[in-house]
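> Got chain A; can you put chains B, C, D, E, F, G and H on it based on the hints?
The listed protein sequences correspond, in order, to chains A, B, C, D, E, F, G and H.
Each number in my numbering comes from the position in the first sequence (counting from 1) with 397 added on.
Each number in my numbering comes from the position in the second sequence (counting from 1) with 397 added on.
Each number in my numbering comes from the position in the third sequence (counting from 1) with 397 added on.
Each number in my numbering comes from the position in the fourth sequence (counting from 1) with 397 added on.
Each number in my numbering comes from the position in the fifth sequence (counting from 1) with 397 added on.
Each number in my numbering comes from the position in the sixth sequence (counting from 1) with 397 added on.
Each number in my numbering comes from the position in the seventh sequence (counting from 1) with 397 added on.
Each number in my numbering comes from the position in the eighth sequence (counting from 1) with 397 added on.
Among the hints, erroneous ones may be present.
Stated by the list, open to error - Now the in silico label distances, taken between C-beta atoms and shown as ranges:
1) H:450 with A:558: 28 to 34 Å
2) G:411 with A:535: 28 to 34 Å
3) B:538 with E:424: 52 to 58 Å
4) C:560 with B:541: 54 to 60 Å
5) C:493 with D:542: 41 to 47 Å
6) C:442 with D:493: 32 to 38 Å
Said to hold, decoys possible - With the Cβ distance kept under 10 Å, some of the chain E side facing chain C (calculated, not the full set):
7) 411
8) 414
9) 429
10) 493
11) 514
12) 515
13) 541
14) 544
15) 547
16) 548
17) 551
18) 552
19) 555
20) 557
21) 559
These are computed hints drawn from the structure, not numbers from a lab.
This structure is a prediction, so every number in the text was calculated from the model and none was measured.
Glycine residues also receive a C-beta, built at the ideal position from the N, C-alpha and C atoms.
There are 8 protein chains.
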Amino acid sequence: MLNPIVGIIMGSDSDLGIMRQAAEILDFFEIPYELDVVSAHRTPEKMFDYASNAHLRGIKVIIAGAGGAAHLPGMVASISPLPVIGVPIKSSNSIDGWDSVLSILQMPGGVPVATVALNGAKNAGILAAQILSTANSALTEKIFQYKNQMRQQVLDKSTGLKKIDQ
Amino acid sequence: MLNPIVGIIMGSDSDLGIMRQAAEILDFFEIPYELDVVSAHRTPEKMFDYASNAHLRGIKVIIAGAGGAAHLPGMVASISPLPVIGVPIKSSNSIDGWDSVLSILQMPGGVPVATVALNGAKNAGILAAQILSTANSALTEKIFQYKNQMRQQVLDKSTGLKKIDQ
Amino acid sequence: MLNPIVGIIMGSDSDLGIMRQAAEILDFFEIPYELDVVSAHRTPEKMFDYASNAHLRGIKVIIAGAGGAAHLPGMVASISPLPVIGVPIKSSNSIDGWDSVLSILQMPGGVPVATVALNGAKNAGILAAQILSTANSALTEKIFQYKNQMRQQVLDKSTGLKKIDQ
Amino acid sequence: MLNPIVGIIMGSDSDLGIMRQAAEILDFFEIPYELDVVSAHRTPEKMFDYASNAHLRGIKVIIAGAGGAAHLPGMVASISPLPVIGVPIKSSNSIDGWDSVLSILQMPGGVPVATVALNGAKNAGILAAQILSTANSALTEKIFQYKNQMRQQVLDKSTGLKKIDQ
Amino acid sequence: MLNPIVGIIMGSDSDLGIMRQAAEILDFFEIPYELDVVSAHRTPEKMFDYASNAHLRGIKVIIAGAGGAAHLPGMVASISPLPVIGVPIKSSNSIDGWDSVLSILQMPGGVPVATVALNGAKNAGILAAQILSTANSALTEKIFQYKNQMRQQVLDKSTGLKKIDQ
Amino acid sequence: MLNPIVGIIMGSDSDLGIMRQAAEILDFFEIPYELDVVSAHRTPEKMFDYASNAHLRGIKVIIAGAGGAAHLPGMVASISPLPVIGVPIKSSNSIDGWDSVLSILQMPGGVPVATVALNGAKNAGILAAQILSTANSALTEKIFQYKNQMRQQVLDKSTGLKKIDQ
Amino acid sequence: MLNPIVGIIMGSDSDLGIMRQAAEILDFFEIPYELDVVSAHRTPEKMFDYASNAHLRGIKVIIAGAGGAAHLPGMVASISPLPVIGVPIKSSNSIDGWDSVLSILQMPGGVPVATVALNGAKNAGILAAQILSTANSALTEKIFQYKNQMRQQVLDKSTGLKKIDQ
Amino acid sequence: MLNPIVGIIMGSDSDLGIMRQAAEILDFFEIPYELDVVSAHRTPEKMFDYASNAHLRGIKVIIAGAGGAAHLPGMVASISPLPVIGVPIKSSNSIDGWDSVLSILQMPGGVPVATVALNGAKNAGILAAQILSTANSALTEKIFQYKNQMRQQVLDKSTGLKKIDQ
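Next up, chain A with everything else stripped away, as it sits in the complex (with noise of 0.2 Å):
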């Protein structure tokens, strides 16, 4: 099995369902990924465990998800030299998912996090693998695939709607 390079972490075990999107893309582009619960408010200490040693132990690109007031993303980026994508995650009790998204987007200058839309896992993973793509030509390669792919799915569609239509 080969060691992880991308790290998905999540505030809550009940933002799984989207996050797990991030890592059937990664599946998609054979990037070996670990996914776990880290949530800043309720394991702060594990939180800035996982943040300082992620890239000692091989990780590349961090995915942070997290829903409501979403601190994981930038403090995650606050800790570790990676780039981090942040995916605003639309919870239950959450003001229509501005206060994930604010939270997540809206970091103060030296801190970035690279934001994805609301719920975005799945552009998570593409993103991972872009930035992984930068020294990897064959990734890039996968990438194209990836895009032909999606677009031959439209010209189908395309195809179908005019045949229903005729």
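Same frame as chain A, but now just chains B, C, D, E, F, G and H:
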């Protein structure tokens, strides 16, 4: 000099203009306090130390102000057993203050932050006094004095307004 | 039976489903409380009486929940010297909870309300315990226990997640 | 001097710049009024007295302006039987006026506030005149005059614009 | 049968479920009313006629409900001298009701609409009664009765809640 | 002088600074237009007449700008068969322009308004030209010229930027 | 079969439920159209080709619907000389439709998109008919017929409502 | 001179004030970059060419800034295999920056844009460095240096604040 029992911290020294209003109110109530810059994102270790030790040093209430993706109040609350009062600050590049308000207010179940109004550092100071007054009846008296003083100011303005209008 | 030291009030009995979560947390912390319906808009005299007398009856902290144009927490805070915790509630016909959040949070200088997250009654209960713990070290211990328990639950879920993933 | 039949109140004398526009319109309609500072949060007893007694003193309509978590119009409406017109005011530290608008507008079933636009004190004055005109046909005539005057001003500007454009 | 003195109109018959609540309150206050569908956008001539003639037919107050880009209340107010109460309705495809609220509330200087809460037709009915009560002391009495009834309901719920809690 | 085929109207002469940008673009495209102040709220009869007759006078497209609760574009569209382009204008006392945007954009099914960006009068002019170009190939040519000109300006700025950077 | 003169495109076949309403209106107006899936993000080359060639194939108006970060209408408008009508679609994971509305509406100066209401595909179809009617008086007649039909439906509902109420 | 490996592009030269902050950070990290104006809406062909060829010219990461309906980052991401960092810019006539934030952030599944805070070009530069550091340990060292420098600045300000307060 008395040992501080309220800790006022802020994510950036640019927040001092607002946060000093909390200090001024504590001066009025003769409550000893300390004032420091502690950034969750730029000094995460110091934030961790501060939150872990404040109650050991005799601090009873923490007031934490921050702007944008404001993680300081919530992170301190995740670590410290003390009540934490959060002051959302409308910083430059803020999206009208919504980012700061939502990333302080919308904490998950288990980790409360007592949030006050945008730029409401003055109210944070009063709330700290109210919290301390729950075990200090002299302070309760002062809170009544403060309320009376506010009332009198409004009544004076009412009188002034009526004179002008005659 | 012990005299209540926390007063939990709500604007409507339809808020009880949410507000009972504050009571459950206070049960956990073994803090005696009372629970009542007090409407700023439909029983203004009772609200006035409640706010004027709570501290005389031994109440130390008031938790007030309300939805829509939620005036209960702020009005109680204008009258009582006690710390008031406001719980915005997402009622039917609310504009996504924004009305309730803003009419509780955005109090003017001089009259703070310690606002928690939308529907965050559980956190209101914890915050009340933290406020009382400032003069009660046994309660501080229980708060640490509560935090440890939360941490352990997350760590257990992390372990569970890793087993599934193997 | 005539007894006032409209009561114009505001939460703070800083609202006077806006609220005076209501008074000016009532001057135009020759409707006697009174003007006072009554703060729901800083003078709750005065607010209670004002709302309880206004109708006994011959007041027919109350216009109440307030900013931020604006509770004055709603609290007065909860106590007084009179129609209450609420004027949301965009104060400093307001979140773009949303706080004031929502805490005046979103009143629960049973306690209406007739809300006008942000800073819309002029319209509050006109609305008061319209309310009084329901039992005063001379006032209805004046309202038509006012509308005619507005129309003529627009028509004059139209004529002016066309001259410039030729 | 008495001549109607309140006109309840709505932009679409799909608004009837909400707007009927205004009618029910007027029934309670024994105020005769009429109910009609008048669309500013689909029947502009009828809207024009309605607004031009309502006061000639003895109507004293108009209640107008509409959703989305809700122009009915404001257009009627631009034509009629009567006080117009606007009820924003959260229709399907509304952007959370904001469109309806803002296009009714934010009328320009000179043309007020007395706006009530989103879906607040019940309050529109009460407000109409309050407006009419300014020249009808029997109606003022009924408004006090209504307020008493509301108060008693809350007090009963308070009693019920305390029984359950014992 | 040519008969106007585009009617530019605005709710207030204070909108002229913005709305003149539509006129300037029509000058560029050599499309004859007229410019007038027509207020839905202060001159409803004139608005009605304008909308009823514009197509009879040879007008092909109406551009209507308004701020706040902006009813002019939608009301004109409800009466006229012509395509109506709506320009939301950020007036003083607007709630950040949202009121104007939503009351123009969110028209009900059956009565479209072609809405452009906040203060987007320039784009309203271009859109009018595009609409007229559907039956005028010379105008299509001019639209391509306009696009080329825009492209060239950007390319020139790109060249300028690179020179500075060297 | 007639050559299409309106092109209806959408970013995803999941938008078809909404976008078909544009097609149905064009059927009513007997305007020939084509329907296709063209994704700015997944088939950028096809989007480019479509926008470059539509006017050469006889298309006069393009209706483009998309959700989320909706770039299709704006990108087509940047390339094609034709008037482009944009339909914001409230997709899953949308932030209440705001993302789609703002990314279609707020186009920069020089590149207009005629934006209709959220999910307003029906109005997009009517607007296309109005645009084409500027050079087709038979179509103007049909638009009047359509308006009459809408008016009659509202009048019928008014009659029905009054019968029920008697 | 080294070949650029980061491409910084912006929709308008008016964005240069903000976007230059990305360049300055890359200077600090000694990462060669290029800077250009590429407008999705005014130079769509150049945008297409840029996005199609950047990776062939050795560019590893693209930073794209744009305001309003900001399509540049998403369109470049749809065409290029490279990671694209989007910088929302608060331009004039923006609706408080929401338009730009949402049209960059809310990309559909399959096409991520790594979005940073409003006007967050500095963070875009740091994120680019972090991405490149995943295959360059010397760069990781520099990122730690940068973080240390930030930390030291905050600690110095803390010391300064305490001196003033004594």
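> For each hint, tell me whether it holds in the structure or not.
Consistency of the hints with the structure:
Checked against the hint of 28 to 34 Å, the C-beta distance between residue 450 of chain H and residue 558 of chain A comes to roughly 32 Å, which is consistent with it. In this structure, residue 411 of chain G and residue 535 of chain A meet the distance hint of 28 to 34 Å, their C-beta atoms being roughly 33 Å apart. At roughly 53 Å, the beta carbons of residue 538 of chain B and residue 424 of chain E sit within the given window of 52 to 58 Å. Distance hint check: the CB atoms of residue 560 of chain C and residue 541 of chain B are about 58 Å apart, consistent with the given range 54 to 60 Å.
Distance hint check: the CB atoms of residue 493 of chain C and residue 542 of chain D are about 43 Å apart, consistent with the given range 41 to 47 Å. Checking the proposed 32 to 38 Å range against residue 442 of chain C and residue 493 of chain D shows it holds: the Cβ atoms sit about 35 Å from each other. Interface hint at residue 411 of chain E: violated, since its Cβ lies 17 Å from the closest Cβ of chain C, which is beyond the 10 Å cut-off. Taken as an interface hint, residue 414 of chain E does not check out: its beta carbon lies about 13 Å from the nearest beta carbon of chain C, beyond 10 Å.
Taking 10 Å as the C-beta cut-off, the interface hint given for residue 429 of chain E is violated, the closest approach to chain C being about 27 Å. For residue 493 of chain E, the shortest C-beta to C-beta distance to chain C is roughly 5 Å, which falls under 10 Å, so the interface hint holds. A distance limit of 10 Å between C-beta atoms decides the matter here; for residue 514 of chain E the minimum to chain C is near 7 Å, and the interface restraint holds. Hint status for residue 515 of chain E relative to chain C: holds, with the closest Cβ pair at about 6 Å, below 10 Å.
Because the closest C-beta pair between residue 541 of chain E and chain C is about 13 Å apart, greater than 10 Å, the hint is violated. Taken as an interface hint, residue 544 of chain E checks out: its beta carbon lies about 8 Å from the nearest beta carbon of chain C, inside 10 Å. For residue 547 of chain E, the interface hint holds, the least distance from its beta-carbon to any beta-carbon of chain C being 4 Å, beneath 10 Å. Taken as an interface hint, residue 548 of chain E checks out: its beta carbon lies about 5 Å from the nearest beta carbon of chain C, inside 10 Å.
Contact between residue 551 of chain E and chain C, as hinted, is supported at the beta carbon level, the nearest pair being about 5 Å apart and thus within 10 Å. A hinted interface residue such as residue 552 of chain E counts as satisfied when its beta carbon comes closer than 10 Å to some beta carbon of chain C; here the least separation is about 7 Å, so the hint holds. Proximity of residue 555 of chain E to chain C holds as hinted, the smallest CB-CB distance being about 4 Å (cut-off 10 Å). Interface restraint check for residue 557 of chain E: the shortest CB-CB distance to chain C comes to about 8 Å, inside 10 Å, so the restraint holds.
Interface hint at residue 559 of chain E: satisfied, since its Cβ lies 7 Å from the closest Cβ of chain C, which is below the 10 Å cut-off.
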